[in-house]
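Undergrad: Letter by letter, the chains look like this.
Number of protein chains: 2
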Amino acid sequence: MSLFLEVVPVSEAIEAVRRIAPPPRCGDAPLKDALYQVLAEDVSADIDIPGFDRSTVDGYAVAAADTAGASEAIPAMLRCLGRIGMGSTDPGSIFPGSCRYVPTGGALPEGADAVVMIEHAELIGDDVLVHRPVAPGENVVSRGEDFRAGDVVLERGCVLSPREIGVAAAVGAERVQVVTPPVVGIISTGNEIVPVARVPGPGEVRDANSYLAGAFVTERGCCPVYFGIVRDEREALEQALSSALDQCDAVLVSGGSSKDERDNTAAVIADLGEVLVHGIAIAPGKPTIIGTARGKPVIGLPGHPASAYVVLVAIVDHLLAAMRKTRVFRRTLRARLTQNIPSTRGREDYVRVSIDGGRATPIFGKSGLLNTLVQSEGLVRIPASSEGLEVGEEVEVILW
Amino acid sequence: MSLFLEVVPVSEAIEAVRRIAPPPRCGDAPLKDALYQVLAEDVSADIDIPGFDRSTVDGYAVAAADTAGASEAIPAMLRCLGRIGMGSTDPGSIFPGSCRYVPTGGALPEGADAVVMIEHAELIGDDVLVHRPVAPGENVVSRGEDFRAGDVVLERGCVLSPREIGVAAAVGAERVQVVTPPVVGIISTGNEIVPVARVPGPGEVRDANSYLAGAFVTERGCCPVYFGIVRDEREALEQALSSALDQCDAVLVSGGSSKDERDNTAAVIADLGEVLVHGIAIAPGKPTIIGTARGKPVIGLPGHPASAYVVLVAIVDHLLAAMRKTRVFRRTLRARLTQNIPSTRGREDYVRVSIDGGRATPIFGKSGLLNTLVQSEGLVRIPASSEGLEVGEEVEVILW
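Those sequence lines, one after another, are chains A and B.
Heads up: take any position in the first sequence, counting from 1, add 640, and you land on our numbering.
Heads up: take any position in the second sequence, counting from 1, add 640, and you land on our numbering.
What the hints contain is simulated information worked out from the structure, not anything from laboratory work.
Since copy identity is lost for identical chains, a pair holds within one copy or between any two.
The calculated lysine-lysine pairs, modelled on DSS-like cross-linking and capped at a C-alpha distance of 30 Å, are:
hint, residue 1, residue 2
1, K926, K672
2, K965, K936
3, K672, K1006
4, K936, K926
5, K926, K965
6, K899, K926
7, K936, K899
8, K965, K672
9, K926, K1006
With the hints as constraints, model all of the structure from the sequences given.
TA: As C-alpha cells, then:
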C-alpha cells in the first residue's frame, strides 16, 4: 500500500457523494414551519389567482372606452353608482357612462374593464370627472392572471424561501410535503483535540470542527447530532462511528483522514463498509475520504478547520443536496483579481478571497489558519487544467 | 386632510425606522444554538492560537538550515530521533543534523523551525534523506500566528455564520452573548382576506401576507407571532394591535395602509401613538406607514403581497437590523440590463429582475402579481434622481 494518497479529481469525488446519497424521507409540515425546507411534491394552484378581476389601485372602475380622449381640459364625466365593498360577494355592475368606486384589491363590477386612479379623477356630487384615459385592463389584474387553477406554482426540489412560502399560502398550501431534514452525525478525532470549554494544554487544540461542521449542515437544512471527540484509536473510532450510523443518515468524521499511522478513519470505514475515495485533487482538502458504512455515506474531513470547511463547501454540499433531493445553491459574483494566483496543474485550488467593490484579493494564509475563514468572503476555484490566474482577470467568487 | 399620501423619500423612511428601533435585549446562548444570531459582545482569543508551533503536514520536523542545498541528486541526510505523539505535552527536541517525524497538527520539537513533507523525504533505517530544501517556517503555523491571546476575533454586531461559529469554538467561546431575537407581531387586515386553509369565495383572497412577513422576519433572525386576520373595522384593529403590542417588540400590519375610507391602520396607530410617515416615494410600496404605538414600532404594509415584500426588503429590513444592533446584509451582484427600464423622477423604483449569466431581465409584471416574486432573483433599485435605466447598463441587483 502506498504511503501517499491516490487522489481523484473533484468532479469524480462529487459524482461519488451523489451516488451514495440515501433516498430522502418525506413528510408533511405546516407551511409556517417549512422555511428553507425542500418541497417533496409540486405545489399547484387550486383555483384561479386572483379569483376575480381585481383593482390594483384605489379608483373608479370604468369601461375603458368611456374614458377615450379624456383630458384635464375636457374630462370624461361618469355617473358614480356607489362603492364596491371589500370582500363582498357581488361587486354589482356598471352600464356605459357610469362607474363605481373600487378600493385597491376590490373586485371589478360587471361591465368594467379598467380602473381610473383616484388621483386622476374628481368626484363632484354623484359625478366623477376623469382627467386621463385608461386602456382596457389598466390597473386591473385579471382573473387567473397570476396563476391558473392547476398551474404548478412551485416545483418539487425547490427550497422554500419567504417568497415561496408566500406563494404557497396564496394557493392554499397550508401544509406542504417536504423532505425530512437528514440527520448527520459529527465526530471529531485526534488525541490533541480537547472540548471547546477546556483550555488547551501544550500540543492541544480545541474542537472547532464539530462546531463548524454542525453549523454547516444546519445551514444546509440538515440536523447535526454530535458524537464528541474520539482518540486516535481504532476501536474507539469504530464504536463512535457505529453508534453514529445507528442514529444518523450520514456521518462526518474530521481528522484522521490522511495516511499517517495514527489515521484510522479509512481503515474503520473499510471494516464497516467500503472506502470509495481516499484523497481528492483539491487544495486545501486533499486528505478527504468518501465511503459508505452499513449503506450510509461516511465522509472523512481534514483535521484543519479551514481545510475542512473548503471540503464541506466543495464536496459535502453536494452530498447534502442529493440527500435532500435538491441542487446545490450557490451565491456567486464576478470580480477582478488584484493579484496573480499561482496554481498547480492537475489540482483544483480553492483560494479564499476578500471582496471590495468588484475586486477580489486572494488571502494567501496557510490553509490551517482560522482567521482566513472570517477575513474572506468566499472562494475562487482554479480548475485543475489551469496553472493559475492573472491579476485583472475576471473570476467567479463562490460566496461563503 | 388630503385624500392622497404625502410621500417621503426612501432615505427618510429608513432614517425613521432606524430611529424608532427599540434597544435590543441580550442574553447568553450555547454557541451550538447561536447560528445566525447577532453577537452582543466582542469575542476575544483567550490564548494564543495555535498555542504552539504546529505542523501543517505529515513530515519531518527539521532545522531549515540543515536542508540548505538538498536535492534529489544530493539529499541532506538527517538522523531521525523518533516520532512526536499527537497531543503529547512534550514534543521533545532535535539537535543539528537530526529530525523527528511529526504528523499534521503536531507540535514542533525544540530546535526545529520547519517541516519537510513526507513526499519529499525518504526514511532509510534511522536516517531520513531530504530531497528538497525548506525555508524557516515552511509547513508550520507558529504559535499565535492565527490569533494572539487578547485579540478580538469576532466583533459585536456580527452575525454568526458557520465560519464564525467555528472560530468562536477555537477560542473557547462555548457560550456567547447574543442579541435576543426580537419578537415581531404580524396582523393582516381586510374584509376580503380569508385564512389560507379556506377556498376564497368571490372577491376574497387568501392571507399570503402573514406567511410572507412571518417567513421574512424569521429569515432576518426575529420571531414572528401571528395575530390573524382583522376586518376593516377600527375597533377590531385597535384590539388586535393592542394585544400584539403587549407581546411583541414591533408589529407589522398589512393592508389598510392607504387613505381609502376602509383604511384604518394610520388612524389606529395615531390613537395609540404617532404616525411618522404615511406614504413613501417608492414603487411598488407607496402606501406604507411608519409609526410608533406605546413606544414600539408599528409598520403598515401594502396589502398586495408583492408590494409588501418590496417594502419588507427596502424598509423593514433596516428596522429589524437596527433592533438586532447589526447592519443590513445584502447579497448583490452586477449584471447588464437586457431592456430599458423607464422610471419616474422623484420616486425610487424597485424592479424585479431575473438573472441569466450576468444579464438582468426586468419582469414588468403588475406589482400585485405573486408570480413575479418566484420568477425573479432580485431587485434593481432605480434612484429617485433617475428617469430610468438603459439596455446594456450595468446595474447592481439586490438578490432576494
